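Colleague: Residue numbers for the sequence shown follow our numbering, so the first one is 3 and each next one is one higher.
No wet-lab data here; the hints were simulated from the structure.
Computed list of lysine to aspartate or glutamate pairs in DMTMM-like fashion (alpha-carbon distance at most 20 angstroms, straight line):
{"id": "1", "residue 1": "K65", "residue 2": "E148"}
{"id": "2", "residue 1": "K96", "residue 2": "E46"}
{"id": "3", "residue 1": "K97", "residue 2": "E14"}
{"id": "4", "residue 1": "K96", "residue 2": "E64"}
{"id": "5", "residue 1": "K96", "residue 2": "E52"}
{"id": "6", "residue 1": "K59", "residue 2": "E131"}
{"id": "7", "residue 1": "K97", "residue 2": "E131"}
{"id": "8", "residue 1": "K97", "residue 2": "E67"}
Here are the in silico distance ranges between beta carbons for each label pair:
{"id": "9", "residue 1": "S139", "residue 2": "E37", "range": "28 to 34 angstroms"}
{"id": "10", "residue 1": "W53", "residue 2": "L91", "range": "19 to 25 angstroms"}
{"id": "11", "residue 1": "L44", "residue 2": "E12", "range": "28 to 34 angstroms"}
{"id": "12", "residue 1": "K59", "residue 2": "T120", "range": "29 to 35 angstroms"}
This structure is a prediction, so every number in the text was calculated from the model and none was measured.
C-beta atoms are modelled at their ideal positions from N, C-alpha and C, and glycine is treated no differently.
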Amino acid sequence: MARKRLPRPEPEMLVARIESFEHTYYIAEDRANREPVQDEALIEIVGQVEWVSPRHKQHQGEKVEFSLLCAQSFSIDAPNTTRSHPFLLSMNLKKGNRSCMAYLPSNVFWSIPNMIETSRVTHIEARFEPLHRGSGSLLSLYLIPETRLSLT
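Based on the sequences and whatever the hints tell you, model everything.
Modeller: Rendered as structure tokens:
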């Protein structure tokens with residue numbers, strides 16, 4: 003008799019009001035190993051949790067960090083720049099660590115600081131797989147103005 007497959011659990015969600023952000027940039031070359039020049043830019047956003055799935059209500063009102071990254075490599079021998087592909091990493095909701103991380107496409111990444119500074123974006127909505135021991139896979143990030151929020 004075949005085992006009955008359990009339905010996939012619904013994603014969980016967190017919505018945070020953006021309080022501040024910091025932007026950094028790093029570039030390096032490893033000439034000794036003839037590696038291409040690589041760079042990485044980071045936007046570290048700090049927010050306050052305004053809404054979270056009921057299972058994680060103890061995090062309501064707490065700070066959460068969103069690390070948004072963009073990376074490329076450059077080679078004098080290759081005519082094209084190699085960009086990293088966008089991908090979502092983990093979501094962590096633990097007593098001392100509320101954070102998530104994602105690599106974004108460069109054109110979107112570089113527009114985010116202006117979107118925050120001009121208040122076109124005021125919140126971040128993160129959807130993630132149900133967490134196990136406080137960690138799980140990030141499924142989506144939505145940078146959104148307050149006027150578009152629907153906390154349900």
